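**Q** Chain by chain, the residues:
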Amino acid sequence: MTAMTTEPARRPPFLKSRALRRFVRHRLALVGLVMVVLLSTACFLGPHLLAYDELSIDLRARFAPPFSGAHIFGTDPLGRDIAARLFHAGQISMAVGFSVMIIATCFGSVIGVVSGYYGGRTSAVLMRVVDAFLSFPSVFLLLALAAFIQPGPVMIALIIASTSWMEVARIVEAEVKSLRNQDFVQAAHMLGLTGRWIMFRELLPNAIGPIIVAATLTVARAILLEAYISFLGYGIQPPLPSWGNMLNGAQQYLQSAPWLAIVPGLAITIAVTGFNFIGDGLRDAFDSRTQEH
Amino acid sequence: MLRYITSRLGQSLILLVIVSFIGFAVLTLAPGGPLSQFALSPGMTQEQIAKIAAQMGLDRPLPVQYFDWLRHLVVGDWGTSYRDGQPVLAVIGSHLFATLLLMGTATVISVSLGSAIGIASALRRGTAFDYTMAVLAMVALSIPTFWFGLIAIYAFSLQLGWLPAGNMYTVGDGSVLDYLRHLILPAVVLALVDVAVWSRYMRTSTLTVINQDFVRTARAKGLTRRRILFRHIVGNSLVPMVTLAGLQLPTVLGGALVTETVFTWPGMGRLFLDSLGYSDYPVVMGLLMASAILVLLGNLAADLIVALIDPRILLD
Amino acid sequence: MTEKKNATFMNRRQAISLLGAAGVMAPAMIGRDKAFAANADPSGQLTLAFSQEPTVFNPLMPHIEVDEGVYYAVFDPLFDFDPDGNFFPILVAEVPTVANGGISADGLQWKVKLKPGVTWHDGTPFTAEDVKFSLELTMDPDFRSFRSTGYKFMQNITAVSDTELTWEMSEPFAPMAAILASTYIIPKHAFDGVADKNTAPFNNAPIGTGPFKFKQRMAGDHIEFEANTDYHMDGPYLKTLIIKYVPDLNVMYTQFKSGDIDVIGLQYISPDHLGEAEKLPGKVVKLAGAATFESIGLNMTKPQFQDPAVRKALYMALDKASIIDALYYGVPKPTETYMPQQSFYYNPDLPKHEFSIEKANALLDEAGWKKGADGIREKDGVKLAFTNSTTAGNHLREQAQQFFQQTFEQIGVKVTIKNFPPAVMWGDYWMNSEFDSVVVGLNCLAGADPDTSDYFMSTMSPIRGGSGQNTFAYQNPKVDELLVKGAASFVPEERKPIYQEIQQIIRDDLPFLPVFQYALIKGWKSDVSGVEPNVNNRIDTWNVRDWKRS
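Protein chains in written order, with my numbering: chain A, 1 to 293; chain B, 1001 to 1316; chain C, 2001 to 2550.
Treat the hints as calculated values from the structure; they're not laboratory data.
Where hints are given, some of them may not hold.
In silico BS3-like cross-links for lysine-lysine, where the CA-CA straight-line distance does not exceed 25 Å [what the hints assert, rightly or not]:
1) K2188(C) x K1051(B)
2) K2152(C) x K1051(B)
3) K2302(C) x K1051(B)
4) K2132(C) x K1051(B)
Please read all numbers here as calculations on a predicted model, not as lab measurements.
Chain A on its own, in the form it takes in the complex (with noise of 0.2 Å):
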């Protein structure tokens, strides 16, 4: 409370603390970077360095508990190895987060541009299939998706991609609307390149920064969102594992063996806060005109 009346004279240490901010906020994109660094690198080479492989059954070691012996984190009702599952789980659940991100950052940026740089009522189409694609509560979409196909990691992706392209395309509409009718679009113009030229070569690059930013944080929702679904039984089937497929059935044994429940859980709520606070770092770097409240 004592920072209200003596605020007209804080401003010097304001500014220190601007300072003291940006160095925290990056340390957390530093944290975020560690976070799924270690938790990347354990899903890649974690499966190499255990004695079991995520899909070996050994029902005499059923619901083994964590720490308890061979199995550091435990095994699950058909007695496989949770480790093992989890980090295998993880090199799917991340594929699946970056696949995304690729497919839902590129046709957002297409849509946005096109309908940033021509404008009129092709903006306004596109932008109103925009709005129709968020006004859905996006779990209820891709549910409805994802109840009717084939639910591998492709189909996966595919649909999750579906729900995730409208932030990009409303930032970078919005960024090449802004530069459309600046003086290099218009020496563009004159030197007679074609409006593809113009859109991708010289309005899209200007627009990098918000797109990193956007497609970070897909990559942290195209994982809750992979999650969510295999949670609910639509998603990624096993005997494949992902981060939500491993929770599915855990509902049913988490008064008996929690750790099932535990360890997948906890290994997507790193990898999303990992995402999420370099998100937020990237934000800071790239925005110039971040102001510091």
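Using the hints provided, position chains B and C relative to the given structure of chain A.
**A** Leaving out everything else, chains B and C in the frame of chain A:
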């Protein structure tokens, strides 16, 4: 103003048609169907299923089914559920209360708690408290809602035995206290994400207000901190939050769906999953449309309220 | 067939014996007429939980198992099966048999005598016209009716008087009585002036003759019933019955434990909770057999499954003991056939399953299936690789699937798991035999009748141009012949060897690999009495009229 509302409503209508078209295409082009649930009944034959399908009009070409559905929708007939033969609106209506109760309680929690954290962070910006809250908010945004629900059930229902693990009330009890006991866990779980969102936006909004002239004037007039805080800052910071509430609707609705599943809450999310499982297209379509309408109206209402509160904003 | 002989054979499911044999059945002790017993005032409330939601309240319309939970409370069939497979009368004065003249010796003329003085919940008297209406509605081409099996032979239904009804059959059809036992009678007057019977108001506000009146439904949560004090049989003893919908088995179990639920119904206690449940104070927990059997069904049109050696080897490589003991906690019983072990027609002499990877491998080697570079066996260009499908989200089944996927790998067979949500799985994918193999729980019987033509007759396979439920596309001329013979015979002792031989042939042919017969873990509070498992009925409430709280 009126022109603005009509044009917004017009746009919304076009949106709804697009939404309905996508939804219908997805549902009906997919394999399976509402009669699959009877396939395993003793004595059920392929012949009988085909006969029932014809009686239900499911053998007609899809475009015919779509336009038939749309034609009825326009005159307020949302069709009847394949499962219980009730009008879709009645089916949705009977699940609406549970969802609204859950969403309403969660919103109250997130608005009050989120605003408090946001304002406190703004007033103490740069302090350890501010940073902690910032980090916590980001973590909260990253936790899968259903997982948080599972952990809450594990801790508070299974281990401590303080609160029920599911359902909205105990049959035969149904007192306010009973409802409350059932409501606490799901509402808190659902509110988690929103508390984070609200606190961040509220912080920004408060900072903007703090630096505005009238606050400085008030301060110069020597008003007490408390008075300034409640008279001027809180009220004014909340204005942009109204829009946020509108924009957050789809998220809250989606979150409610997942939360309802974990806590076996008898609301629209539960209905949606059940209807999906049985391929009850009319209800699934009805829920898609209802949620889209709710979201569109929510957004429109938010914009209008803001315009009413803040005369500086001109619509058009 | 003498009366005496019949009586000796009257062990379990001699249901059909009543049709042909000259047996007179002793009145069962359950379901007595009101006249026989003093009826105490109904008191108390009981909450029964199901993990699915009952939504179809017109019993003649397409419905699922859980809906029948409501039917037994609100409606009555003419007669029903008791747990031993015997019929007992409900709306009829006596169950029609050849002996009492209810059925003609050739099985073509039926005469049913109804109980006098029965009324509907709204006070209207119940008459033969209501029965006629119900039977005819089932056959009405404009009505979305649940079944046609059997009814297509029924004609000239006549209400001779208020309490007497006759009809003719175009063919003798032994399973008809079993079908009638699951046909609930609905009131004609509720449909007076209703143009489209598919959307009659009755369908959401059912009126029956049953022990409980439908009071109100909270969609997505529960249905409330109140005692029908004018019930024509002994009971009901409960003032209020609540059927609660709890969509999650864990929550259901937790609520059973905490006492919120008095009787845990359909889907019951999951096997992993059995150990704990048995120790719960104040609760009765019982294992009860069910007529459903779990199997790995093979699509007999697929090239992988043409060689009998392959099917035998697969069965040998199936570690049934581990699946049942470890994954299902030893709850269900291993089986070699589709016929429930409680059945009169069950064949106990089928060869016992033997699990042996070596023998399975030897069998395949001998049959000329050679392992390729990828370790998968192959013969004449056909690889022993196939998909296996079931309902996504059925955790125990998914575990079993992954388990045999791994054991089959040891005999050079590659299984790819391809599961679908229920609406997709049991749609055309199942009906038109689009699968390679499935894991499925099937109950091929109607009540206690042993006829399974819909499932094993070669003409009943949709993919082969038929219209039944023979989705394994099984064909064996000998089985066809036996099935026809069995359905035309009314004498249980004649039918028994026929159906035992069918079981033997199917066990040899292995169109499906039988895994186990279901056992359900039922539970109720110890102050509840009258709850009695019945393998011949699909649902717990078959005798809800007898349920009591003390």
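**Q** Each of the hints needs a verdict: does it hold here or not?
**A** Right, here's what the structure says about each hint:
| no. | hint | in the structure |
| --- | --- | --- |
| 1 | K2188(C) x K1051(B) | holds (24 Å) |
| 2 | K2152(C) x K1051(B) | holds (14 Å) |
| 3 | K2302(C) x K1051(B) | violated (28 Å) |
| 4 | K2132(C) x K1051(B) | holds (22 Å) |
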